[in-house]
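Peer 1: Single-letter residue listing:
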Amino acid sequence: MKIPILKLHDCLLISIQWELDDETALQFQEDLLNKIYQTNARGVVIDLTSVDIIDSFIAKVLGDVVHMSKLMGAQVVLTGIQPAVAITLIELGIKLNDVHTALDLEKGLKKIKMELGE
Amino acid sequence: MDKKIANYIKTHKELILSRWKSEMKEQGDERFVRVVSNRVFDGASQQFIDLIVSNLMESNEEFSQRLHKFAENVVHIGWPLNFVTQGIRKFNEIIFHGMSEEGVVTRENYMEFTEGFDKWFGPMNDEILSTYTSTWERTVTLQKIALKELSAQLIPVFEGISVMPLIGTIDTERAKQIMENLLHGVVKHRSEVVLIDITGVPIIDTMIAHHLIQAAESVRLVGAKCMLVGIRPEIAQTIVTLGINLDSLITKNTLQAGIEAALEMTNRKIVGVEVES
Amino acid sequence: MTRSFVNIINEWDIVAARQLCREFAKELGFGIVDQARITTAVSELARNIFLYANQGIIIVEKIEKDGSVGLIIIAEDHGPGIGNLAKAMEDGYSTSGGLGAGLPGVKRLMDDFSIDSEVGKGTVIKTAKWLR
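Chains as they are written, first to last, in this note's numbering: chain A, 1 to 118; chain B, 1 to 277; chain C, 1 to 132.
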C-alpha cells in the first residue's frame, strides 16, 4: 500500500492513516524523496494523528527522512504525534532531537511558512 | 471438656479480668499503655475480655461467622496488633494457670485441655490477623486513590498557554500519571506552551528531574513547548549540586515570569489600559 | 483468552504480533498509554527475532500475582544467541544499525524484564507489565 503525497503550493502534505509496517515505511521514504525532487518542494508536513505506535525502526525511518529531505532543501515538520506515542518514544530513548514538531496539520503548515520566512 | 473451660471462665470472670489487666499493663507494650488513660484502657479491656468470653461461651453454631465479627470488633477497639495477640495469649495462660491451680486441669487430662485451648485460640488468632491485614490493605488502597486524585490537571490560562501546578512529593507512579495528564491536556487544549509549576514540590531529586525532562521531551514531540517555573533557591542549589542537567528545559523562577515569557513566545504581551480619570 | 502466540517468520508477522498484543492488553483493561508501551515493546522484540534469529515466537499470557493482574510477553528464538548480555543491555548498543533503543528501551517500557541467552542455542526474553 502506498501512502499518498499531496502537493499544496510549495509544500508536500502526507497524512499517515494506518499502522506502518517496515516495507510501507521504506517505500514512503523513497516516494517522498522522489516527490521532493520532482516538485522542488521546500516544506513537508507529515501528519501522524492516526498512528498509534512508532517503534525504534519506524522512528529511525522517520528521522532519516527528515534529514534526507533537509539535504534536498526541504524543511520537515511532524504533526499530531499522539501522547501515548510520544511517551513511548521518550521511554524507549528516542528523542528525535532535531526534528520539528507541531500539534496539528494547520499549525505545522504555519510553522513551515515561518521557517521559510513567508 | 469445653464446658469445663467455659464454666471456669463464667465463675471466675472478675478474677481473670483483673489479673489480665495487671499483667498486660506490666508486660504489655509500655509505650502504648502509657498513652491511653486508665479509664479508656479499662473500658477497652472489659470489651476485649467480653468478646473473648462470648466467643467461647456461645453455641458452636456459625463459629466462623461469629469469629469474623469478633475479629472486626477487636480491630475496632484500635489496639496495636501485637498488643491484641499478646492479650489473647495472656488470657489463655491465665485461664490455664487458674484451672491448674484449682485442680481442674490435671496431669492426666493435660493434653486434652491443651488441644481444647488450641482449637479456640488458633482460629481466633488467625482471624484477627487476617482482619487486621485486610483493614490495612483497604487503607493503603484508599490512600493510593486519594493520592491519584491529587495528581495534577492541566489548566488553560490563555489561548495556547496552559499551566500544570504540581503539589507534594512525586514518586515514579505519580510522575507517570502526571506525564499522561500533561500530554493529553496539551493535545486537548491545543496548548503551544505549557508551564510546569513546581512551587509546591518540596524536593527535586535525580529521579524527579529525570521525569520532568522526559515530560518536556514528550511535550516537544506532540508539538508544544515546555517550561519549568517556580524554581526556589534551594531547588536550584540541589539541581546543580546533584549535577542534574536541565539545559533542555526553559526555566523561570516564578509562574508570573513564566507566563510573560510564554506570551512572548506566542507573540503577545500584556499591556496596561489607560483609564480616563 | 489467557494465552496467545504469533510465530515470527517474516516481516509481516511483526505487525501481527503487535496487533495481537495490543488487543490482549486492551482486553485486560490497560490504558491507552500502557497499550502503546506494550505494543512498542512487542514490536522491538519481534523485530529482534526477525533480524537476528530469522524466526521465533512471541507469546502473550495473562498473569496474576498477589491480587494484581498483568500480562507477560515471552520472546523465544533458537538463533545465534547474544554473546555479550551486559553490552546488549547498554543504551546505544546495536549491531544492526538501528537506533540502539532495543533491549534497554523494552526494559524501560515494561515493569519486569529478564533475559536468558546462550550462544549457539538461542534467546528467551520474558517481560511483564502490571495493571496499575
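Just so you know, the hints here were simulated from the structure itself, not pulled from any lab data.
You may find that some hints are simply not true.
Unchecked claim - Under the rule of at most 27 Å between Cα atoms (straight-line distance), these lysine-lysine pairs were calculated in the DSS-like manner:
no., chain 1, residue 1, chain 2, residue 2
1, B, K4, B, K144
2, A, K113, B, K4
3, A, K95, B, K176
4, C, K126, C, K62
5, A, K111, B, K3
Peer 1: Against each hint, give a clear statement of whether it holds in the structure.
Peer 2: Verification of the hints:
Restraint check: the Cα-Cα separation between K4(B) and K144(B) comes to about 49 Å, which exceeds 27 Å; the hinted pair is violated. Annotation: proposed proximity of K113(A) to K4(B) is violated, straight-line Cα distance about 96 Å (limit 27 Å). For a cut-off of 27 Å, the pair hint linking K95(A) to K176(B) stands: about 17 Å separates their Cα positions. Restraint check: the Cα-Cα separation between K126(C) and K62(C) comes to about 13 Å, which is no more than 27 Å; the hinted pair holds.
A hinted pair counts as satisfied when its Cα atoms are at most 27 Å apart, and K111(A) with K3(B) does not qualify at roughly 89 Å.
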